[in-house]
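Residue numbers (the working numbering), protein chains in the order written: chain L, 8 to 364; chain Z, 24 to 317; chain U, 4 to 290.
None of these hints come from the bench; they were simulated from the model. There are no misleading hints in this set.
From the derived model, a few chain U residues whose C-beta atoms are all more than 10 Å from chain L:
1) Gly32
2) Gly57
3) Pro138
4) Ile139
5) Phe152
6) Glu237
7) Gly238
Covered stretches of chain U (chain L as the covering partner; in silico rule of three or more C-beta atoms under 8 Å from a C-beta of chain L):
8) 184 to 190
9) 198 to 207
Even glycine gets a Cβ: it sits at the ideal position worked out from N, Cα and C.
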Amino acid sequence: MRMNAAIRVQNLTKKFGSFVAVDDISFDAAEGKITALLGPSGSGKSTVLRMIAGLETPTNGRIWIEDDETTFKSVQERRVGFVFQHYALFRHMTVAQNVAFGLAVRKQSKADQAGRVDELLDLVQLSPFADRFPDQLSGGQRQRVALARALAPRPQVLLLDEPFGALDARVRQDLRHWLDGLHRELGVTSLFVTHDQDEALELAHEVVVMHEGRIEQMGSPTQIYNEPQTAFVAGFIGSPNVLQGRVAAGHVLVGAHRLPGADHMEEGAAARAFVRPHDVRLAEPDPEAAAAVEARVDRVSTLGWLSRVMLRLDDGQTIVAEIPSDELIDLTEGTTVAVDLRRAKAFEAEPVGAPAE
Amino acid sequence: MSVVLGPPRLVDVTPGGEEMRRRGRRRALVRGAIVAVCLLYLTVVLLGPLVGIFLSAFREGLPKIGETLTSPDVRHAFFLTFEIAIVTLLVTTTFGAVTAWVLVRHRFVGRRILNALVELPLAMSPVTVGLACVLLFGRGGWFEPWFTARGIQVIFALPSMILVTIFICIPFVIRSVAPVLEELGTEEEDAARTLGASTLQTLFRVILPNIRWGLFYGIALTTARSIGEIGAVLIVSGMLKGQTETATIYVLTAFEERMDAEGYIVALTLAAISIVMLLVIEISKRRKIKEVMG
Amino acid sequence: MASAVRTVQQRRVFRAPTVTRLRHWSLRGAAITYLVAMIVVPVAAIVTKGFAGGLDTFREAMASPGAWEAISLTLVASALAAIINAIFGTMLAYILVRYRFRGRGLLSAIVDLPFAIPTLVTGVMLVAIYGPNTPIGKAFGTVGIPLMFSQIAVLLALCVVTLPFVVRTVQPVLLELDTAEEEAAQVLGASAWKTFRAVVMPAIRPAIAAGALLAFARGLGEFGSIVFVSGNIEGRTKTAPYFIFQLTNQFKPDQAAAVATLLFAISFVLVLVTSRLVRTERKEAKS
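Put together the whole structure using the sequences plus the hints.
Next up, the structure:
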């Protein structure tokens, strides 16, 4: 048994009737690190988190927290901290009473409770609000109280279910940085669920990408971003362009373009090539160049320092390129440019009849 | 009989975990105990008595039942009850719907007071209602001279019985239609008007279909209540046998005159009618809730 | 030419509001007339007659035999029934909302039964099963507890008649409760009972109170069932509504009105207070 896995999950499965929400999931969350469960809605990530907390019972599989098997422990016994998407603060209690709840339940002395509450409210910078009620606080403040409440009883691990999902974009950003700082200070093993890839890639040390109840890929944010191992991950992370083509001699043929990276694929098979907008390199059309592949500029949109160029390839497919605005050479609609798609990743084509992603 | 106890969330069986099964069993026991206590209470106050009246009505057998239900007194009593119920329904439904509309859609001075007025009949004992009618139409009453001068008998006759029943039933339609109207908002009505619908068209094509279930719920409650009224009609009826005896008054006098069997039989019939009304109430209540939730 | 166009426009602008305003006021008039004629007039009759003789009429009424006992029996029995139904009603609401079992819809309908059944029939039903000639009634009789034609009968009848009130006020509140708060309490270590006390109870307490107050107000005025099961024994099982009934039949309408006004005033205040309570609860829950 590896010693630095704070949370271990093995063959975890959850069925609701005949619907399989979580299908044979196994992973570790490292001690003292932040792990993210990233995926679209319906991928089963929240269910996994709730099973670890004990709020759902697994259909199959086992769970360990700090080397203790907790698969059959009651929610109350697991000593995990849980932060809900919609805060779930006790609306009839003050902020201080909310934070003290986990301690009051464990029958700690009033003095101990008060001390710990002060400590935590200080940590989340909400000390002046101790006697306010949740409905008097903003969303961001409520979530900070929820965190304080979860951390008060010194849990072994901290579980967060889309913690910033209910907040405005700006507040979300602020809280994200703040949580990062908090984690550096406390070092509590944290596992959080999100559908926001920016959040996952920025905050987590390890990302577990989930889709339809299964794990697509696990790895560091860099690995997930730069080395997607499945078509889903390639398509989900980084909002790439998707081009349809055919495999020929280890390349994907997209019109006149030959994109590398199809060595692992069958000759002649239908394939998808994923290219991130900022990986599309543009240059003056050079008739001398060996792979002089051209595309026509359909539209240029300037969004401040970033510009988006919509290009049309010779077989009619369109891609979007993102380049810094000051690199916009003579790019106007109708001009032809040379396009470098070397950084594409190739995967199998979608099965026929599959719903669009 | 298999009764599955559990929270609305689906709970699946987990392999292994003795402790967990034990905990689950304890929880199921607690749940079972709570349900059992509730069922026991309901048996004592409702289910047992229902069985009791059923048995008592059938004690002298089916022929007695047929005899009672076809006797002229009983037939007239039911006829009177339904007469009163129908008039009450017509008045409280039309005026109630209009009042609900005015209370929800209009803003004017005194609206709050009108709202409070609607609650008033609910706070009044039926005997007080009967007394009020006597005070208004009985000898020396406020309105008595006017009616006596025209030879119209109000008290100890049908009109007063209808009036008290209307009073008692006023809140039902209003209170069931108003919240539906409130939740519905004016958007659909506005849309209809921009599409060229006249007021009447908007009423029949948009508004009435939307408040359908709220209306039915109020109507069902009104019907059940007017059929079951006793206190007020007893006072204003004068209990003239065969003339101003409603079904409920018949039951009362039957027992007073030691005609227990007839009393139980008519009482059971009334119970049966109200159970049918209950079905209508339950169905329309559920649909009404959906109406309100939009 | 320009002025002609303008007058046509002016005329158009004038017509619409008048017609609409007429419609508004005729609707309003209908509603106001309905409520005033049907509600205000009768209530005015009671109240004016009740206050006409001043306190003297009231004192005269209360000098009748069994008067004070009637009032106190009504108050105490209604309060007891309200409390009993507050307990059982909350339990019923809880299992109807949170538990899943076959026959849940049927149970919900049964709870609503007292609203549909004539009160007199309720009384008949109770006597049919607990009367002195029934096995149950006889069994209790031998132990010296008369089930029917006693104060117990009054309490029992009130329990039946006011059963649905608390269930109906608590149920919607429970339905709207977000279980996330309860899950949070459990994760923090609270047992099922502690979770109920700390999270669910504070939320439903106002609803329970509102339901209990409505049940109490309803019980104060109950007549149909009690007139049948209580025996109306002076000083023992006679209730305030029966007392008013008696006074009316004895052609003492002024005394009857005095007592009726008192009873009505209490009920009306209660109904208004709980209406306000229920409405503010709804608004809070929505936010």
